[in-house]
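Chains as they are written, first to last, in this note's numbering: chain V, 1 to 91; chain R, 1001 to 1155.
Hints listed in this document are in silico derivations from the structure and should not be mistaken for laboratory results.
Here the structure is a predicted model, which means the values were calculated and not measured.
It cannot be assumed that every hint is accurate.
Said to hold, decoys possible - Across the chosen pairs, the derived CB separations fall in these ranges:
1) V/Leu-28 <-> R/Glu-1040: 41 to 47 Å
2) V/Lys-23 <-> R/Glu-1044: 33 to 39 Å
3) V/Lys-66 <-> R/Glu-1022: 19 to 25 Å
4) V/Met-1 <-> R/Val-1110: 23 to 29 Å
5) V/Met-1 <-> R/Ser-1131: 21 to 27 Å
6) R/Gln-1036 <-> V/Arg-61: 32 to 38 Å
7) R/Ser-1131 <-> V/Thr-41: 36 to 42 Å
8) R/Asp-1125 <-> V/Leu-28: 18 to 24 Å
9) V/Ala-27 <-> R/Asn-1048: 36 to 42 Å
10) R/Glu-1019 <-> V/Glu-64: 35 to 41 Å
11) V/Val-65 <-> R/Asp-1125: 29 to 35 Å
12) R/Gln-1036 <-> V/Met-1: 19 to 25 Å
13) V/Thr-41 <-> R/Glu-1022: 37 to 43 Å
14) V/Pro-47 <-> R/Thr-1136: 46 to 52 Å
No residue lacks a Cβ here, since even glycine has one placed at the ideal position from N, Cα and C.
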Amino acid sequence: MKILAVCGMGLGSSMILRMQVEKAAKALGVDAKVELADISTARALAPSADIIVTSKDLATRLGEVKAKIVTINNYMDVKEMTEKLREAISS
Amino acid sequence: MDIAELLPPDRVLVGIQAEDWEDAVRKIGRVLVDTQVVEERYIEGMINTCKELGPYIVIAPGLAIPHGRPEDGVLEPCLAVGLLEPPIPFGNEENDPVRVMIALGATDAVQHVEALRQIAETLSDEEKFNSLKDATSKNQVLDILWSASKTDDQG
Chain V
1 MKILAVCGMG LGSSMILRMQ VEKAAKALGV DAKVELADIS TARALAPSAD IIVTSKDLAT
61 RLGEVKAKIV TINNYMDVKE MTEKLREAIS S
Chain R
1001 MDIAELLPPD RVLVGIQAED WEDAVRKIGR VLVDTQVVEE RYIEGMINTC KELGPYIVIA
1061 PGLAIPHGRP EDGVLEPCLA VGLLEPPIPF GNEENDPVRV MIALGATDAV QHVEALRQIA
1121 ETLSDEEKFN SLKDATSKNQ VLDILWSASK TDDQG
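With the rest of the complex left out, here is chain R:
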């Protein structure tokens, strides 16, 4: 599935203020719950994953990809993006603090792969990655992350 399908405008949140990483994950998880693509319990699923496995979800400087397991209550493949203001440490020495959260809900190991490939393609471009970290509006975030989209209805 395409990035534009998995990440509609109502799942982009800028200016998130959080007390700590758990609060940050709860706030982006809330966006997935409110748009009815995951069950309420998925939020705890994401937090538990991070506690069990450590801050490996911070996969690049300033970027975390919180996610749980498909069986934690994912209703359809989905993404949500949140920008933390100010950035919050997640406990990852090399890559803290986290500015951008890309929360993922997967129903299997297949359907979200194309969207992840598009994200990796976009953010491998350092200039685009930096623009995402500097973004202050929903439209800026969508312009950047949809830039690898294959659909015609961008922007």
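Here chain V stands alone, though its shape is the one from the complex:
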């Protein structure tokens, strides 16, 4: 499964997202490859991703993509990440 972590510049929050996605995927027993993108490259990378993880703000800028979009409010909450990822994977 390929997961894209998207932030504004690919420097700060997407790095934190990737760490938390990796923890959540491990907890769910999912083999996930997590890549980083900034909002300007995300659209180009989106077609190859199964799931996109980002903030609510940035999700509205992604436009229409085929991948499932997971929006995270609290980047420090691995529980929120795990629950939302589980939902996205099973739906």
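Take the given structure of chain V and dock chain R to it, following the hints.
Below, chain R alone, put in the same frame as chain V:
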């Protein structure tokens, strides 16, 4: 690079009073300029990023991570932490108001990653995150944020 290298004691500021989010970012940006790790123009870089991309920099309840681009004048990888008193809204519905600002200066996509990982590890612990929001002194802030540090000279 380790959190203790990127965040020395002279880049922690408590009790920041700000008029609005822009003023708050300017005040923490000033700490980076004064410690000579970013150029003056980096402050506007951080503010412009927030204006362009929206309040996504508020990544958890009460926590914002203002940052600009490496080419906005970052001289070396750096962090600064500021506590707002009182907390200030940044325009993020779920996570306002902001109490803790962790300002980041990155020179590339690599050197600051270990420090960010250490911060995420520390603040994923709700108890530590709450203690950071309740902190009133520089030493309290450093005790919490350096707790995942690998260096021997903590505290």
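Hint by hint, here is what the structure shows:
For the pair V/Leu-28 and R/Glu-1040, the supplied restraint of 41 to 47 Å holds, since their beta-carbon distance comes to about 46 Å. A C-beta distance of roughly 35 Å is found between V/Lys-23 and R/Glu-1044, which places it inside the suggested range of 33 to 39 Å. As the Cβ distance of V/Lys-66 to R/Glu-1022 is approximately 38 Å, the hint placing it in 19 to 25 Å is violated. Checked against the given bound of 23 to 29 Å, the beta carbons of V/Met-1 and R/Val-1110, roughly 25 Å apart, stay inside it.
Roughly 36 Å separates the CB atoms of V/Met-1 and R/Ser-1131, a value that falls outside the hinted 21 to 27 Å. The hinted range of 32 to 38 Å is satisfied by R/Gln-1036 and V/Arg-61, whose Cβ atoms lie roughly 35 Å apart. A beta carbon spacing of about 37 Å between R/Ser-1131 and V/Thr-41 agrees with the range 36 to 42 Å that was offered as a hint. Checked against the hint of 18 to 24 Å, the C-beta distance between R/Asp-1125 and V/Leu-28 comes to roughly 21 Å, which is consistent with it.
Judged by the Cβ atoms, the range 36 to 42 Å given for V/Ala-27 and R/Asn-1048 holds: they are separated by roughly 37 Å. For R/Glu-1019 and V/Glu-64, the Cβ-Cβ distance of about 39 Å falls inside the hinted range of 35 to 41 Å, so the restraint holds. One distance hint, 29 to 35 Å for the beta-carbon pair V/Val-65 and R/Asp-1125, holds here, with the actual separation near 33 Å. Remark: the range hint 19 to 25 Å for R/Gln-1036 to V/Met-1 is contradicted by a beta-carbon distance near 44 Å.
At roughly 28 Å, the beta-carbon separation of V/Thr-41 and R/Glu-1022 lies outside the given 37 to 43 Å, and the hint is violated. Between V/Pro-47 and R/Thr-1136 the CB atoms are about 49 Å apart, so this pair conforms to the stated range of 46 to 52 Å.
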